[in-house]
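Protein chains: 2
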Amino acid sequence: MGKLLILGTVAFDAIETPFGKTDKILGGAATFIGLAAAQFKAKSAIVSIVGDDFPQEYLDLLKNKGIDISGIEIVKNGKTFFWSGKYRNDLNSRDTLATELNVLADFKPVVPPEFKDADVLMLGNLHPSVQLSAIEQMQTEPKLIVLDTMNFWMNNTLSELMQVISKTDVITINDEEARQLSNEFSLVKAAQKIHEMGPKYVVIKKGENGALLFHNGEVFFAPALPLEEVFDPTGAGDTFAGGFTGYLAETENVSFNNLRNAVIQGANLASFCVEKFGTERMQDLSKEEVDRRLNQFKQLTQFDIELR
Amino acid sequence: MGKLLILGTVAFDAIETPFGKTDKILGGAATFIGLAAAQFKAKSAIVSIVGDDFPQEYLDLLKNKGIDISGIEIVKNGKTFFWSGKYRNDLNSRDTLATELNVLADFKPVVPPEFKDADVLMLGNLHPSVQLSAIEQMQTEPKLIVLDTMNFWMNNTLSELMQVISKTDVITINDEEARQLSNEFSLVKAAQKIHEMGPKYVVIKKGENGALLFHNGEVFFAPALPLEEVFDPTGAGDTFAGGFTGYLAETENVSFNNLRNAVIQGANLASFCVEKFGTERMQDLSKEEVDRRLNQFKQLTQFDIELR
Chain A
1 MGKLLILGTV AFDAIETPFG KTDKILGGAA TFIGLAAAQF KAKSAIVSIV GDDFPQEYLD
61 LLKNKGIDIS GIEIVKNGKT FFWSGKYRND LNSRDTLATE LNVLADFKPV VPPEFKDADV
121 LMLGNLHPSV QLSAIEQMQT EPKLIVLDTM NFWMNNTLSE LMQVISKTDV ITINDEEARQ
181 LSNEFSLVKA AQKIHEMGPK YVVIKKGENG ALLFHNGEVF FAPALPLEEV FDPTGAGDTF
241 AGGFTGYLAE TENVSFNNLR NAVIQGANLA SFCVEKFGTE RMQDLSKEEV DRRLNQFKQL
301 TQFDIELR
Chain B
1 MGKLLILGTV AFDAIETPFG KTDKILGGAA TFIGLAAAQF KAKSAIVSIV GDDFPQEYLD
61 LLKNKGIDIS GIEIVKNGKT FFWSGKYRND LNSRDTLATE LNVLADFKPV VPPEFKDADV
121 LMLGNLHPSV QLSAIEQMQT EPKLIVLDTM NFWMNNTLSE LMQVISKTDV ITINDEEARQ
181 LSNEFSLVKA AQKIHEMGPK YVVIKKGENG ALLFHNGEVF FAPALPLEEV FDPTGAGDTF
241 AGGFTGYLAE TENVSFNNLR NAVIQGANLA SFCVEKFGTE RMQDLSKEEV DRRLNQFKQL
301 TQFDIELR
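Going line by line, the protein sequences match chains A and B. Under full-length UniProt numbering, the first residue of the first sequence is numbered 1, with each subsequent residue one higher. Under full-length UniProt numbering, the first residue of the second sequence is numbered 1, with each subsequent residue one higher.
Since the hints were made in silico from the structure, they are not lab data. Don't take each hint at face value.
Any copy will do: because identical chains look the same in the list, a pair fits if it lies in one copy or spans two.
Below, a list of computed lysine-lysine pairs in the DSBU-like style, where the Cα atoms sit at most 30 Å apart [unchecked claim]: (1) Lys86 - Lys189; (2) Lys298 - Lys206; (3) Lys206 - Lys86; (4) Lys298 - Lys287; (5) Lys21 - Lys193; (6) Lys21 - Lys43; (7) Lys276 - Lys206; (8) Lys3 - Lys21; (9) Lys206 - Lys189; (10) Lys206 - Lys76; (11) Lys200 - Lys167; (12) Lys63 - Lys116; (13) Lys193 - Lys206; (14) Lys298 - Lys200; (15) Lys298 - Lys189; (16) Lys21 - Lys189; (17) Lys276 - Lys189; (18) Lys287 - Lys189; (19) Lys143 - Lys298; (20) Lys276 - Lys193; (21) Lys143 - Lys63.
With the sequences and hints as input, model every part of the structure.
Pasting the structure below:
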């Protein structure tokens with residue numbers, strides 16, 4: 001059983017989909033990552049920041065999942081980061097309605113002492129300089145540093161982002177971001193260029209079309225489970241990252257073969273996340289449900305052609 | 001070794017992609033289906049029609065692949081069906097520049113006597129009444145009737161199309177067509193509705209995002225192999241159908257498990273088709289290349305998680 005350190009936002013989200021809308025509910029990258037990782041026997045901690053408007057109930061929820069929250073700073077008289085978005089009819093694109101940084105604007109992450117030797121460091125989507133600070137606070141080199149980022153940082157803080165990328169083992173981005181970062185349309189070529197920036201492993205997320213894991217000229221593909229209904233895609237990418245890193249921290253094995261398994265674990269958990277609003281589905285997800293769906297993933301992709 | 005009967009167009013194509021353009025070259029659904037099926041040890045025949053402007057060289061090419069072309073009618077003073085299209089930059093959409101039906105306008109298919117007991121009947125994309133005529137000429141019921149069609153027939157000849165659909169075991173359509181035919185956005189729900197129209201198996205093709213095989217509440221997924229370059233998508237869907245049916249005719253096994261293998265065989269061959277213009281890549285494709293890439297497909301999707 002290894003240790004997983006998660007850096008990322010803990011936040012309020014307000015979401016509108018074709019199927020309904022929410023008031024301010026629990027959100028944030030680190031929240032989704034932590035809830036997904038909690039499905040595995042790893043020791044996890046979140047480093048983040050909230051205001052004192054953030055309900056104790058939400059903090060207790062994370063704590064009760066076994067997540068160490070001593071690294072979540074609570075700012076007195078501060079307001080918690082808030083994001084609001086509205087999905088279009090196909091659920092594949094969304095418009096951001098509001099982004100209020102609030103306490104996130106001055107976030108100086110502090111890694112708890114007993115997680116400075118974490119096996120896996122998961123850097124959720126944040127300002128690259130915040131991500132860099134977490135890397136620098138580690139006392140022993142993690143077995144695996146995993147980076148999530150987005151086009152916003154490519155547009156606005158590219159040189160800092162490139163510095164973080166050069167220090168990571170795995171980068172997870174979506175197909176459009178991979179194309180932007182590499183200036184290549186073919187995802188195979190994009191992954192090659194991103195390899196040269198530092199990461200040994202490149203994960204390209206394609207939403208309902210699955211995720212690709214590139215390594216050393218090889219590629220592995222995890223489909224998204226075809227679902228009758230996708231209700232709310234919010235947090236699916238973070239849930240994927242949480243399943244991916246939680247599994248790797250539990251197994252303490254960062255071989256390519258085990259990263260393949262980790263991609264499936266991530267895709268499996270993400271398939272639950274989208275079934276309800278926000279974190280709702282992840283809050284009460286049982287190991288039995290997870291395992292049953294892992295079996296469906298096997299059924300979905302495994303075949304038995306005798307090669308001639 | 002079983003028999004495969006292929007109904008479909010044999011035609012001229014003129015193609016423009018971001019990478020170049022062709023004059024009139026060999027094209028047509030039955031051509032792509034036949035060339036793909038020729039990779040398998042099945043006895044195949046094509047039923048189609050061309051004008052006497054169609055080069056003997058093209059007919060010899062099919063014959064030399066072992067395909068029975070006695071069912072290809074050659075119309076004296078007739079002109080061969082011609083299609084011309086231009087792909088947009090992402091290669092995922094195309095505009096039709098010309099469709100000249102010519103001899104196809106009066107096509108009355110005639111199934112050769114020794115293929116009236118074919119194990120697999122592959123109905124390439126054509127007017128539903130032509131497809132229906134081929135079904136009606138069979139003397140013994142095929143183990144499997146596979147139907148390819150497109151939105152054009154849904155828009156213009158829906159009641160005839162529904163009649164054909166009711167008589168087929170497998171339908172292969174793309175995601176947009178599945179949504180149109182079923183009036184459901186979710187592909188899982190779309191497949192359920194299409195099952196009720198007749199086909200026990202529903203294959204939904206998603207281009208570079210692979211293909212789904214639905215059966216009896218279960219689903220199997222074949223990814224498209226991530227390629228460095230996609231040069232020309234023309235014929236990829238037909239090549240998929242040819243690999244699918246050629247493999248099934250060779251193995252004479254139409255169980256769900258073997259249909260899973262067939263979907264992989266189809267996806268594998270389609271990954272070659274798109275590497276060059278038209279049928280060029282399929283003309284000289286060796287068994288060794290096919291097998292090597294089948295191995296890549298295994299690498300691409302197989303994983304080994306120990307279920308708890």
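Verification of the supplied hints:
no. : hint            : result
1   : Lys86 - Lys189  : between (33 Å within a copy, 24 Å between copies)
2   : Lys298 - Lys206 : both (20 Å within a copy, 20 Å between copies)
3   : Lys206 - Lys86  : both (19 Å within a copy, 26 Å between copies)
4   : Lys298 - Lys287 : both (17 Å within a copy, 28 Å between copies)
5   : Lys21 - Lys193  : between (40 Å within a copy, 29 Å between copies)
6   : Lys21 - Lys43   : neither (34 Å within a copy, 58 Å between copies)
7   : Lys276 - Lys206 : both (20 Å within a copy, 26 Å between copies)
8   : Lys3 - Lys21    : neither (36 Å within a copy, 56 Å between copies)
9   : Lys206 - Lys189 : both (16 Å within a copy, 21 Å between copies)
10  : Lys206 - Lys76  : neither (39 Å within a copy, 51 Å between copies)
11  : Lys200 - Lys167 : within (10 Å within a copy, 51 Å between copies)
12  : Lys63 - Lys116  : within (19 Å within a copy, 69 Å between copies)
13  : Lys193 - Lys206 : both (18 Å within a copy, 26 Å between copies)
14  : Lys298 - Lys200 : both (26 Å within a copy, 22 Å between copies)
15  : Lys298 - Lys189 : both (28 Å within a copy, 21 Å between copies)
16  : Lys21 - Lys189  : between (39 Å within a copy, 24 Å between copies)
17  : Lys276 - Lys189 : between (36 Å within a copy, 18 Å between copies)
18  : Lys287 - Lys189 : between (38 Å within a copy, 27 Å between copies)
19  : Lys143 - Lys298 : both (28 Å within a copy, 28 Å between copies)
20  : Lys276 - Lys193 : between (37 Å within a copy, 24 Å between copies)
21  : Lys143 - Lys63  : within (25 Å within a copy, 58 Å between copies)
In the structure shown, a violation is registered for the earlier hints numbered 6, 8, 10, in ascending order.
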